[in-house]
Amino acid sequence: MCCVVAHILYLMKTFIKIAIVLSIGFYSCKKDKKTETPEPEPTVVTGSLKLNFENLVDTLPLDFVTNYVNANGDTFKISKFNYYISNIVITKTDNSTFTEPNSYHLVQASDAQSSLITLSKVPLGSYKSISFMLGVDSTRNCSGVQDGDLAVSKNMFWSWSTGYIMVKLEGSSPQSGATTKALTLHLGGYYGVNKAQRNFNFSFGTSTANVSESIAPMVHLAVDASKMFKGQNTISFATNYFQMSPGAAVKKFADNYAEMIEFEHVHND
Amino acid sequence: MNNKRILTVSVLVFGLAACKVDPKINQPLPVDDLVITVPNGWPEPVYTFSNNPISKETFALGRALFYETMLSKDNTISCGSCHQNFAAFANDDHQFSHGVNDQLGIRNSPGLFNLAWHPYFMHDGGINHIEVQPLGPISNPIEMAEDINTVMAKLSASGKYKSLFKEAYGTEEVTSQRMFRAMAQFMGLLYSNNSKYDYYKRQENNVTLNEQELRGYSLFIAKCNTCHKEPLFTDFQFRNNGLKVNPLLKDSGRAHITGEPGDVYKYKTPSLRNVALTYPYMHDGRLTTLEECLDHYTNGIQNTINLDPKLKDGIPMSAEEKKDIIAFLRTLTDYKFINDQRFADPNFPR
Numbered sequence: 001m002c003c004v005v006a007h008i009l010y011l012m013k014t015f016i017k018i019a020i021v022l023s024i025g026f027y028s029c030k031k032d033k034k035t036e037t038p039e040p041e042p043t044v045v046t047g048s049l050k051l052n053f054e055n056l057v058d059t060l061p062l063d064f065v066t067n068y069v070n071a072n073g074d075t076f077k078i079s080k081f082n083y084y085i086s087n088i089v090i091t092k093t094d095n096s097t098f099t100e101p102n103s104y105h106l107v108q109a110s111d112a113q114s115s116l117i118t119l120s121k122v123p124l125g126s127y128k129s130i131s132f133m134l135g136v137d138s139t140r141n142c143s144g145v146q147d148g149d150l151a152v153s154k155n156m157f158w159s160w161s162t163g164y165i166m167v168k169l170e171g172s173s174p175q176s177g178a179t180t181k182a183l184t185l186h187l188g189g190y191y192g193v194n195k196a197q198r199n200f201n202f203s204f205g206t207s208t209a210n211v212s213e214s215i216a217p218m219v220h221l222a223v224d225a226s227k228m229f230k231g232q233n234t235i236s237f238a239t240n241y242f243q244m245s246p247g248a249a250v251k252k253f254a255d256n257y258a259e260m261i262e263f264e265h266v267h268n269d
Numbered sequence: 270m271n272n273k274r275i276l277t278v279s280v281l282v283f284g285l286a287a288c289k290v291d292p293k294i295n296q297p298l299p300v301d302d303l304v305i306t307v308p309n310g311w312p313e314p315v316y317t318f319s320n321n322p323i324s325k326e327t328f329a330l331g332r333a334l335f336y337e338t339m340l341s342k343d344n345t346i347s348c349g350s351c352h353q354n355f356a357a358f359a360n361d362d363h364q365f366s367h368g369v370n371d372q373l374g375i376r377n378s379p380g381l382f383n384l385a386w387h388p389y390f391m392h393d394g395g396i397n398h399i400e401v402q403p404l405g406p407i408s409n410p411i412e413m414a415e416d417i418n419t420v421m422a423k424l425s426a427s428g429k430y431k432s433l434f435k436e437a438y439g440t441e442e443v444t445s446q447r448m449f450r451a452m453a454q455f456m457g458l459l460y461s462n463n464s465k466y467d468y469y470k471r472q473e474n475n476v477t478l479n480e481q482e483l484r485g486y487s488l489f490i491a492k493c494n495t496c497h498k499e500p501l502f503t504d505f506q507f508r509n510n511g512l513k514v515n516p517l518l519k520d521s522g523r524a525h526i527t528g529e530p531g532d533v534y535k536y537k538t539p540s541l542r543n544v545a546l547t548y549p550y551m552h553d554g555r556l557t558t559l560e561e562c563l564d565h566y567t568n569g570i571q572n573t574i575n576l577d578p579k580l581k582d583g584i585p586m587s588a589e590e591k592k593d594i595i596a597f598l599r600t601l602t603d604y605k606f607i608n609d610q611r612f613a614d615p616n617f618p619r
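Chains as they are written, first to last, in our numbering: chain A, 1 to 269; chain B, 270 to 619.
FYI, nobody ran anything at the bench for these hints, they're computed from the structure.
One or more hints might be untrue.
Once the Cα atoms are required to be at most 20 Å apart in a straight line, the calculated DMTMM-like pairs of lysine to aspartate or glutamate come out as [claimed, not checked]:
(1) B:LYS513 to B:GLU560
(2) A:LYS154 to B:GLU442
(3) A:LYS50 to A:GLU262
(4) A:LYS128 to A:ASP224
(5) B:LYS429 to B:GLU442
(6) B:LYS513 to B:ASP553
(7) B:LYS492 to B:ASP614
(8) A:LYS252 to B:GLU529
(9) A:LYS230 to A:GLU262
(10) A:LYS80 to A:ASP269
(11) A:LYS77 to A:ASP147
(12) A:LYS252 to A:ASP111
(13) B:LYS519 to B:ASP504
(14) A:LYS251 to B:GLU529
(15) A:LYS195 to B:GLU529
(16) B:LYS429 to B:GLU590
(17) B:LYS591 to B:GLU499
(18) A:LYS195 to B:ASP532
(19) A:LYS50 to A:GLU213
(20) B:LYS435 to A:ASP147
(21) A:LYS154 to B:ASP361
(22) B:LYS492 to B:GLU473
(23) B:LYS579 to B:GLU499
(24) A:LYS80 to B:ASP553
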């Protein structure tokens with residue numbers, strides 16, 4: 001009898017234990033469900049692509065000490081070389097495109113970091129070409145005070161006749177018509193026949209820039225400042241040494257610098 | 270809705286600015302002083318503050334900056350130095366205004382009001398947006414002659430501006446964008462639409478024009494309104510109004526901006542609102558009285574290049590008609606505007 005009771009008690013205990021374990025399990029499941037954060041959106045994996053603008057004079061790296069010679073035979077030194085790169089679009093081999101949002105970059109030869117532009121959140125895949133503007137589009141010239149690289153405090157903005165300086169080159173030349181022998185070339189103007197922006201579109205040729213999770217390819221572009229002074233118009237510093245407002249004289253430079261940038265190659269490593 | 274918000278802002282701004290100064294001006298102002306809704310019959314403004322949400326803190330920052338002498342190289346000149354509240358923000362009795370080191374410019378300081386309607390700024394229209402306008406006088410070597418980065422450094426070092434920027438934007442950081450957007454709030458809200466003429470047109474407060482003013486109004490419509498077009502009293506066009514060229518000033522007007530020979534000696538038509546307060550007159554401040562201005566149009570027109578075709582024979586007006594027109598022009602003075610405490614220098618409360 002005693003034995004039977006003990007057995008029943010044992011069964012009950014076991015049952016209670018099981019019940020407790022089950023209920024705990026059940027409760028904890030429930031609790032888990034309650035505190036579970038919503039399933040995150042399936043993340044679109046993206047990568048990045050880098051652009052390296054290499055500033056040159058002819059084939060030499062651009063620096064602030066070398067005496068260069070322009071196509072007209074004038075000797076010159078550079079003390080400042082700034083320009084805007086904007087509206088960057090890259091195109092995949094399947095012709096889909098990635099447009100960099102808020103795409104405005106000030107490249108300054110005095111600041112090596114500024115020559116390296118990283119496009120982020122780029123969809124993975126193989127890219128075959130790139131396009132961008134040298135300068136700032138007319139919309140941003142007309143939309144009031146901007147921030148970042150377009151801030152007026154970057155000293156690439158005309159205060160008295162609104163507009164961005166698209167390309168700024170300063171330096172000196174013994175042939176300069178200025179009494180100080182200075183070269184002061186502030187080239188801008190955002191509308192009309194003399195507008196100073198120029199568009200570039202480069203195919204990567206037989207290569208592609210392969211953006212993956214692990215590799216951010218780098219596109220190398222050469223910017224040859226000497227080409228500002230030759231091409232459609234051979235520039236003589238005796239007469240073209242000072243430019244600070246839009247107009248036909250700026251167009252002469254702009255038609256030259258339309259050929260200033262060249263695609264070099266892509267690194268996929 | 271917008272209106273309501275601004276009305277609240279206006280009262281708050283007043284309270285904020287007034288609290289630490291003169292208790293006698295710490296009175297709520299009539300709530301319709303800062304108008305954000307477009308006055309009846311006016312065109313839509315060009316500047317709508319769409320990227321620059323109005324707040325009492327940002328307005329207060331803009332007001333402080335407008336009256337801030339640190340904007341100039343030697344810390345002596347503010348915007349308010351040459352744009353005086355009591356002169357409808359023109360420079361009273363100054364043909365040319367003084368820049369740093371008492372340098373004189375070549376153009377007369379215009380009145381500032383209803384700027385949100387201006388498609389471009391300066392007599393030559395060289396500046397295309399209200400937010401970048403102050404950079405012109407700040408960096409002009411004969412005006413405030415200061416580098417914007419130096420201005421920002423001075424403001425960043427100032428305890429007063431640390432708190433004003435923080436109140437306006439959440440952090441103390443001084444950026445050129447923050448600075449100029451705040452100034453655009455102050456400048457853009459300088460609405461002037463409460464002259465006797467406005468009350469008459471709106472049939473408010475039983476205001477009527479007297480017989481002479483009414484005669485002047487009819488004459489004005491017939492002879493002046495083509496260019497000084499109601500309700501803003503300007504058409505914002507560039508015109509050569511036949512002033513004798515002053516060779517000493519070497520000023521080509523609009524052509525200075527466009528480089529176009531067809532723009533030589535053209536200047537933006539000024540608004541005639543508050544015109545009785547904004548003397549001297551013309552882009553170079555050469556005329557002192559309204560009588561002289563009307564005399565210019567009857568018998569002073571010079572046939573210089575690009576003379577506006579409408580002016581080639583002058584505008585015939587008899588002596589009596591001129592008196593009537595001037596009586597009408599005086600109804601365009603907005604006393605409420607020039608006495609608005611929120612537009613006054615916060616450093617020198619009246």
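Here's how the hints hold up against the structure:
no.	hint	verdict
1	B:LYS513 to B:GLU560	17 Å, holds
2	A:LYS154 to B:GLU442	16 Å, holds
3	A:LYS50 to A:GLU262	16 Å, holds
4	A:LYS128 to A:ASP224	23 Å, violated
5	B:LYS429 to B:GLU442	13 Å, holds
6	B:LYS513 to B:ASP553	11 Å, holds
7	B:LYS492 to B:ASP614	38 Å, violated
8	A:LYS252 to B:GLU529	17 Å, holds
9	A:LYS230 to A:GLU262	15 Å, holds
10	A:LYS80 to A:ASP269	32 Å, violated
11	A:LYS77 to A:ASP147	31 Å, violated
12	A:LYS252 to A:ASP111	27 Å, violated
13	B:LYS519 to B:ASP504	26 Å, violated
14	A:LYS251 to B:GLU529	15 Å, holds
15	A:LYS195 to B:GLU529	15 Å, holds
16	B:LYS429 to B:GLU590	53 Å, violated
17	B:LYS591 to B:GLU499	19 Å, holds
18	A:LYS195 to B:ASP532	19 Å, holds
19	A:LYS50 to A:GLU213	14 Å, holds
20	B:LYS435 to A:ASP147	18 Å, holds
21	A:LYS154 to B:ASP361	35 Å, violated
22	B:LYS492 to B:GLU473	27 Å, violated
23	B:LYS579 to B:GLU499	18 Å, holds
24	A:LYS80 to B:ASP553	37 Å, violated
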